Amino acid sequence: MRTLIRSLGELCITAGAVLLLFVAYELWGTGAYTQAQQRKLDSELNRTWAAPRPRTPSGAVTAERVRLGHGLALIRIPRLGKGFHYVIIEGVSVADLRKGPGHYPGTAMPGGIGNFVVSGHRTTYLAPFNHIDELQPGDKILIDTQARQYVYQVTGKKVVSPSDVSVAAPVPEHPSKDPTQRLITLTTCNPKYSAAQRLIVFGRMVGSIPRVNGASS
Amino acid sequence: MYGWLWRRLPGGTVTRVYTAVVAVLAVGALLWYVVFPWFEPKIQFDHGTVDDGGTSTTAPPTPGAKHR
Numbered sequence: 001m002r003t004l005i006r007s008l009g010e011l012c013i014t015a016g017a018v019l020l021l022f023v024a025y026e027l028w029g030t031g032a033y034t035q036a037q038q039r040k041l042d043s044e045l046n047r048t049w050a051a052p053r054p055r056t057p058s059g060a061v062t063a064e065r066v067r068l069g070h071g072l073a074l075i076r077i078p079r080l081g082k083g084f085h086y087v088i089i090e091g092v093s094v095a096d097l098r099k100g101p102g103h104y105p106g107t108a109m110p111g112g113i114g115n116f117v118v119s120g121h122r123t124t125y126l127a128p129f130n131h132i133d134e135l136q137p138g139d140k141i142l143i144d145t146q147a148r149q150y151v152y153q154v155t156g157k158k159v160v161s162p163s164d165v166s167v168a169a170p171v172p173e174h175p176s177k178d179p180t181q182r183l184i185t186l187t188t189c190n191p192k193y194s195a196a197q198r199l200i201v202f203g204r205m206v207g208s209i210p211r212v213n214g215a216s217s
Numbered sequence: 001m002y003g004w005l006w007r008r009l010p011g012g013t014v015t016r017v018y019t020a021v022v023a024v025l026a027v028g029a030l031l032w033y034v035v036f037p038w039f040e041p042k043i044q045f046d047h048g049t050v051d052d053g054g055t056s057t058t059a060p061p062t063p064g065a066k067h068r
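Residue numbers (full-length UniProt numbering), protein chains in the order written: chain U, 1 to 217; chain G, 1 to 68.
Think of the hints as simulated: they come from the structure by calculation, not from any bench.
Remember, it's a predicted structure, so these values are computed and weren't measured experimentally.
Note that CB positions come from ideal geometry on N, CA and C, so glycine has one too.
It cannot be assumed that every hint is accurate.
[As the list claims (entries may be wrong)] Just the calculated beta-carbon pair ranges, DEER-fashion: (1) G/L30 - U/G207: 20 to 28 Å; (2) G/W32 - U/S43: 22 to 30 Å; (3) G/A23 - U/C12: 16 to 24 Å; (4) G/L9 - U/E44: 43 to 51 Å; (5) U/K40 - G/F39: 50 to 58 Å; (6) G/T19 - U/I13: 45 to 53 Å; (7) U/V151 - G/Y18: 53 to 61 Å; (8) G/A29 - U/Q181: 47 to 55 Å; (9) U/G69 - G/T19: 24 to 32 Å; (10) U/D42 - G/Y33: 19 to 27 Å.
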C-alpha cells in the first residue's frame with residue numbers, strides 16, 4: 001500500500017514537471033520554430049525578389065505568383081521597434097500561422113483596393129502581434145513587396161468576437177459595400193493567452209514608394 | 001517507482017547519478033523536440049483569425065475560411 005501511494009505521488013510530481021516543461025516550450029520553444037521558418041522564408045523571398053520580375057503592370061503582387069504557405073511580403077511597424085520585421089505568409093491555417101503572420105487568401109493584396117487582412121499570433125510562435133494593442137492612430141505599417149513599399153497608417157482598433165468576419169470584408173464592417181479605399185486590417189487574439197476575443201487594428205494606405213531591390217528601405 | 005529504478009541502475013553512486021542525469025535529459029529532449037511539437041498544434045489556445053465556423057467558406061472572398 002505504502003509503495004503504491006509513493007508511486008502515485010512520484011507520478012504526480014513527474015506530471016507536474018512535464019507540464020512545466022510544456023509551458024516553457026509554449027513560451028520559448030515555439031518561438032525557435034518560427035524564428036527558423038522566418039529565416040528560411042526571408043532568404044527565399046529575397047531570392048525570388050532578386051530574380052527578374054515578370055512584366056505585370058506596376059509590378060504588383062498577384063495571388064497567382066504566391067503559393068500558400070510561402071512568403072508574400074514583409075511587414076514592419078516602426079512603433080513596435082526596429083526589430084519588428086516579419087515575412088507575411090500566404091494563408092492562415094494553423095501551419096501557416098506557426099511560421100509567421102498570415103495573409104487571408106482572397107482578401108486584397110498589398111497596395112490593392114480593398115482590405116489587406118493579416119492575422120498573427122499574440123502569444124507563442126514568436127508572438128509577432130504581441131504588442132499591436134499599443135498602436136496609435138497615425139502609426140505607420142510598412143508593407144514591402146518586390147517592387148514597392150506600401151505605407152499604411154493606423155486608423156483605429158477594436159475588440160470583436162472571434163466569429164466577426166465582417167472586419168475582414170473589403171470594406172470592414174460593411175460586407176456588402178464595394179471597396180474604394182486601400183485598407184489594411186491586422187487581427188490577433190485577445191486577451192493575451194486566450195482565444196475569447198479578437199483584437200483588430202485598422203489602417204489605410206497613405207502612399208507607396210519604389211523599393212530598391214536588396215535594400216530594405 | 002524511482003527508488004526501484006535507482007536500485008536497478010548499475011555501478012556506484014557516481015555512475016548512477018551520471019546515468020540518471022543523462023536519462024532525464026534524454027526524456028526532456030524527447031518531449032521538447034518530438035512530443036511537444038506534435039502535441040502543441042492540437043491544443044493551440046492562441047487563435048488570431050476571425051472565423052465564423054466555416055459557414056461562409058463558399059462565398060468569395062473567404063476571410064472566414066476555416067483554418068483547422
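Hints, one by one, checked against the model:
Checking the proposed 20 to 28 Å range against G/L30 and U/G207 shows it is violated: the Cβ atoms sit about 52 Å from each other. One distance hint, 22 to 30 Å for the beta-carbon pair G/W32 and U/S43, holds here, with the actual separation near 26 Å. Range check, G/A23 to U/C12: Cβ separation about 20 Å, and the 16 to 24 Å hint holds. A hinted range of 43 to 51 Å holds for the C-beta pair G/L9 and U/E44, which are about 48 Å apart.
The beta-carbon spacing between U/K40 and G/F39, approximately 23 Å, falls outside the hinted interval of 50 to 58 Å. For the pair G/T19 and U/I13, the beta carbons lie near 20 Å from each other, so the given range of 45 to 53 Å is not met. Under the hint 53 to 61 Å, the C-beta atoms of U/V151 and G/Y18, about 59 Å apart, fit the expected range. A C-beta distance of roughly 51 Å is found between G/A29 and U/Q181, which places it inside the suggested range of 47 to 55 Å.
Separated by about 43 Å at the C-beta atoms, U/G69 and G/T19 break the suggested range of 24 to 32 Å. Between U/D42 and G/Y33 the beta carbons are some 23 Å apart, a value that agrees with the proposed interval 19 to 27 Å.
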